[in-house]
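6 protein chains.
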Amino acid sequence: MKPGPKSPPELAPLLAFGAHPDDIEFGCGGVIAKETRAGRAAHFVICSRGEASSHGKPAQRVAEAKRSASLLGATVEFTELDGDAHLEVSSAHTLELAGIVRRERPGIVLAPSLTENQHPDHPRLGQLVRDACRLARYGGVKELRKFPSHAIDQLFYYAVTPEAEPPGLTPVLIDVSAPDVLKAWTSAMAAHATQAAARNYVELQLTRARLRGLCAGCGHAIALFPNDPLLFDSLAAVGRGARRF
Amino acid sequence: MKPGPKSPPELAPLLAFGAHPDDIEFGCGGVIAKETRAGRAAHFVICSRGEASSHGKPAQRVAEAKRSASLLGATVEFTELDGDAHLEVSSAHTLELAGIVRRERPGIVLAPSLTENQHPDHPRLGQLVRDACRLARYGGVKELRKFPSHAIDQLFYYAVTPEAEPPGLTPVLIDVSAPDVLKAWTSAMAAHATQAAARNYVELQLTRARLRGLCAGCGHAIALFPNDPLLFDSLAAVGRGARRF
Amino acid sequence: MKPGPKSPPELAPLLAFGAHPDDIEFGCGGVIAKETRAGRAAHFVICSRGEASSHGKPAQRVAEAKRSASLLGATVEFTELDGDAHLEVSSAHTLELAGIVRRERPGIVLAPSLTENQHPDHPRLGQLVRDACRLARYGGVKELRKFPSHAIDQLFYYAVTPEAEPPGLTPVLIDVSAPDVLKAWTSAMAAHATQAAARNYVELQLTRARLRGLCAGCGHAIALFPNDPLLFDSLAAVGRGARRF
Amino acid sequence: MKPGPKSPPELAPLLAFGAHPDDIEFGCGGVIAKETRAGRAAHFVICSRGEASSHGKPAQRVAEAKRSASLLGATVEFTELDGDAHLEVSSAHTLELAGIVRRERPGIVLAPSLTENQHPDHPRLGQLVRDACRLARYGGVKELRKFPSHAIDQLFYYAVTPEAEPPGLTPVLIDVSAPDVLKAWTSAMAAHATQAAARNYVELQLTRARLRGLCAGCGHAIALFPNDPLLFDSLAAVGRGARRF
Amino acid sequence: MKPGPKSPPELAPLLAFGAHPDDIEFGCGGVIAKETRAGRAAHFVICSRGEASSHGKPAQRVAEAKRSASLLGATVEFTELDGDAHLEVSSAHTLELAGIVRRERPGIVLAPSLTENQHPDHPRLGQLVRDACRLARYGGVKELRKFPSHAIDQLFYYAVTPEAEPPGLTPVLIDVSAPDVLKAWTSAMAAHATQAAARNYVELQLTRARLRGLCAGCGHAIALFPNDPLLFDSLAAVGRGARRF
Amino acid sequence: MKPGPKSPPELAPLLAFGAHPDDIEFGCGGVIAKETRAGRAAHFVICSRGEASSHGKPAQRVAEAKRSASLLGATVEFTELDGDAHLEVSSAHTLELAGIVRRERPGIVLAPSLTENQHPDHPRLGQLVRDACRLARYGGVKELRKFPSHAIDQLFYYAVTPEAEPPGLTPVLIDVSAPDVLKAWTSAMAAHATQAAARNYVELQLTRARLRGLCAGCGHAIALFPNDPLLFDSLAAVGRGARRF
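Residue numbers (our numbering), protein chains in the order written: chain F, 1 to 245; chain W, 1 to 245; chain G, 1 to 245; chain D, 1 to 245; chain H, 1 to 245; chain Y, 1 to 245.
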């Protein structure tokens, strides 16, 4: 189940992991929309069907996720780990995700942050993905021999809610203000109708992005948290400073 | 006393502040060498003549600084605040530095970090520069009316020694491995002969940069600490992840 | 210049300090509106006339501040320290503010947070107010003999912008969702027309409060940061837990 | 095994979890005594019989815990997870504790803090309880269908020893100075005679509470650490500031 | 005014700075008692006469300080900076204290911690002392030419109250349990009768030290916070691990 | 499999744990060399044979580890937990390591730090060792009855790479500059030829130690991170302050 549109050579594919069918969209859907519009292939791996949540049946949730990924220009696959609200950190899961990393060979990986927040599954999946990106590099792991080893370029964490933003990491902000990007993101979030009906998730995320945008001097922005320091060839490449007020 | 070589339109000039004649070179000289080689204009403002140090007379120190700046392709000016080892944080100093910011109109400003370290002047100058960059923006400041207001693009802190690295800020790393860059930096540091003779400053800085480089998978790298979150247009622009081990 | 409406005995007066004519309103105006509607007397001390800002003349700024305080049900006085964008931390200023604390005898004091942010005056005033609250207690301070010593009940910091929120302090959230409170706050911010015209300050603050409110399960909320741990007589008194998502 | 005395309508029941028979008493017994004296129902869930400790047989430990809970006015139940010194974080345990939360329907939950300290079981139980409080809310969790979903009001962490106090959370202090409260707490701690004989646990806890009390200007105080920001309707409700020196 | 008893060659003299006549005793008097009993010379520099405090006249305070220092086996001098509750950070003060460091040539320096606490003078004096220890090393400082430059061995911070303990520094604990040490410390604190009568300062400090001692497995202990990492020749020299519970 | 050379009575044996055959040497081999040269017995417990790594077969890795331990004067044993890159935190592993602690009865224990870094096994082993040191003390743990309970003196963490250095712990530095110590350490690292050939591990570690040494004023130094505060009998015992620049 490879991403449909191949990335151009200069844009290594993006691989995003979510613990529940809506986590990627709510946490960083605007970034996905921006990247796919720029031609980068994006693939989602969703690790439960949201079966523990108060609203929506698993079949609905899966259908919503497929529609939402499509609105963002991404492909999607589901993998069953321990089930919604039952996720545990284990080597078996790490190896399973590392196998996906090797198969997809992404440049960029997105995962939920490691900071404890409203759902115990979020930081655990973050930890599994971080470890999976490491194991994908190690040549001697028996269970991973089906695909050659692979070193990703960068791992970024997204935060599903404000409390999940890691306090000790300086974020990078991605400008998602372009009208088509914002519209695709909003549609993708709204596609999770079972959740959007229950709580103001869409407003929450747009409010967060607007606050970041207001502070940074653009319309809307989404914060990502890099797992490693960033290496640049020169200062000309180091983005823009983000402070308007 | 404008920087000699004008920056090309796409490279806004760089303005670096140092508390003593050798701080810029020891703290981030490799970055300066890289930027000037790429065509960016760089100008140094040195706020004392090093007259309190155990080694070297002020006249020697000034001569060394001029030679060193020249080796890095930068211009240099001296401004007297309270004198070496006497620096205080005051509005008068902030205004003086803000006037220089307005006059030079840099895109990028470099200043010593705010973290307490071996010399009390370092974090104080960092604070003065940070505040000066703010005051340079405010249209109503009477003392600054000689030049129009100016908003810089980005403020980065450099750390003169490892203990000055701010613990709560994620660094960006600049690759300074190119042989000509490394050579220019080393020469510029060695030009401060009165200091290099007294302690292993040159080895200290090259060891730091080598350690950063080893960790990041390049030859040598220098860490800068952005004052504000970084805003990028897309993930393609967010550097490379820096972890080799 | 005492607060007009006396507080009822059970509500000790509130004293809020601002570095510029609009800081209190933008940082915590909703809290003020809520408290004065509950009958608590509120008095503002504004420490400059905003003369350094790019927009608005001092006379306009003062008029806006008076109108805004009135909309919030607060009285206001101006005190000249070093002038806008020139504030320094000095004993003379601390003593001046401590004198005001003794004269007003507040139960609650509000001050800008100590975290560095877009305006150097903000954290400096925060530091002056914190120290002033201490000096107001010391019986032996000669310059303060005009009024008897006074110990406030609590000092809370407000953050003018998100970057000013102190990273190491757990906030308390005040629910400002009541329509009349929100309306009074919005009007008070809008009364600073010279500033509101230049940047989206009003939207910034309402977006912040809406984001806090969405997370806390109420309409809008404002975060305050207590200077000291909070002491309660029982768990029944410890507010509500604020997590909706 | 519901709490004996029903809470009055305005005081939702309190549910406290302990990894060992004496953890709740040593960590926050004074708070329990205060709450039950105010009429709030309190129920303890103890997750081992202390069988790994150097002193006391399990049967003794259980008897001590029952007597101690009784002295505090609380009811108690034991649940076997992995056994003393063997606790692991698992979904099965989380679900078991979530079931208890649903059955008891508490307003307030107390759990050991997440900070690593002298006993590995403490932070693990804290994590299990925190996650259990979340799972108790989710309508779709199959294993929990015996009871309707339940959202607690607040989760507070207690620290069994000073090193367990979470460094990044601002505590709330509960005044436990009333003679009958202090006496009940002391008796409840002393009831764990097998432990109190081995080390100065009682003195340790009274010394901690006295130090907090001295700093806060009351006799004795116990620190609790809220998992979420606190939401208040007005400043009048935000306790007292706790600084006497 | 050199310390009376000369230190033996292997014990470089100790120099302790206090902002008020009782700060050294309350913050670390037990350490002083222990060191002087071991033969180390100790000298106190007190930077005000406590004239702003609510209790005690300056002449009384000075007499108490002299008696207290004598009970601890230390010599004492007073130096007037800005006066009690008026202390500012300035180069002039730093130079004055650096001159004392050069004159006394201590191995160990003790200063109040840099963490904001109940008295604004405390962290400011800490900053002045830290900077003074640096300036004492610099050969070129004109104002200091009366004495040769001097590099101290170590700077430790003491905390006058618990809130002054620096959150980011791991303490070293000094065992002050020996009965004669504890008695000398208690007497020295009690000698500040004007203060001890007003608040429970003596109990506060003994309670702190007892809590540290209980946790560390000794009777009483005082925490000091080293300004620099500690360098040891071998693990045999790295004290004892301090955890009893 | 006890350490060959018995420690003299005043030097309790050292027990070091490594997740992979080269972790101890790369992380703190210089400290081991120094301690064994001073007569302290050192024993290594290696918890995998490195079978997941890209370079070297398990048999080679084991042979390298044996040779390297021998060069450092240490004995070595291997224990199989979950296998390289498969390590999980479990009670069974903790008990197994606690059994080794009881058998060896070390004074000092060294373990990889708890900070997430390039290999997921590192912090997990650190956590297992920390917990094992606790369980070794508890008299009632059934699985550990083969040996009497044992309380270690101190637990120190080592960092295999710079990113593994715990940000919140102040390190102690051990001077490893003696030529024979440095030579033994370098040889021991080079003995891991399969790894040293693949990446610049030896240079990385020597560069780290040289940087620490330059900052501390000695040739080379290695940082260890104590798990508990350090308790000293007097200031004379508290090492040297480590700041040369």
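Keep in mind that the hints were calculated from the coordinates and are not lab data.
Incorrect hints may appear among the rest.
Unchecked claim - If you anchor each label on the Cβ, the simulated ranges turn out as follows:
(1) D/E143 with G/P179: 49 to 57 Å
(2) G/E80 with H/R67: 42 to 50 Å
(3) H/D153 with Y/S177: 45 to 53 Å
Stated by the list, open to error - Interface residues of chain F toward chain D, partial, derived using beta-carbon atoms under 8 Å:
(4) S53
(5) S54
(6) H86
A virtual CB, placed ideally from N, CA and C, is assigned to each residue, including glycine.
Structure versus earlier hints, numbers of those that do not hold, lowest first: Going through the list in order, the structure violates hints 1, 3 and respects the others.
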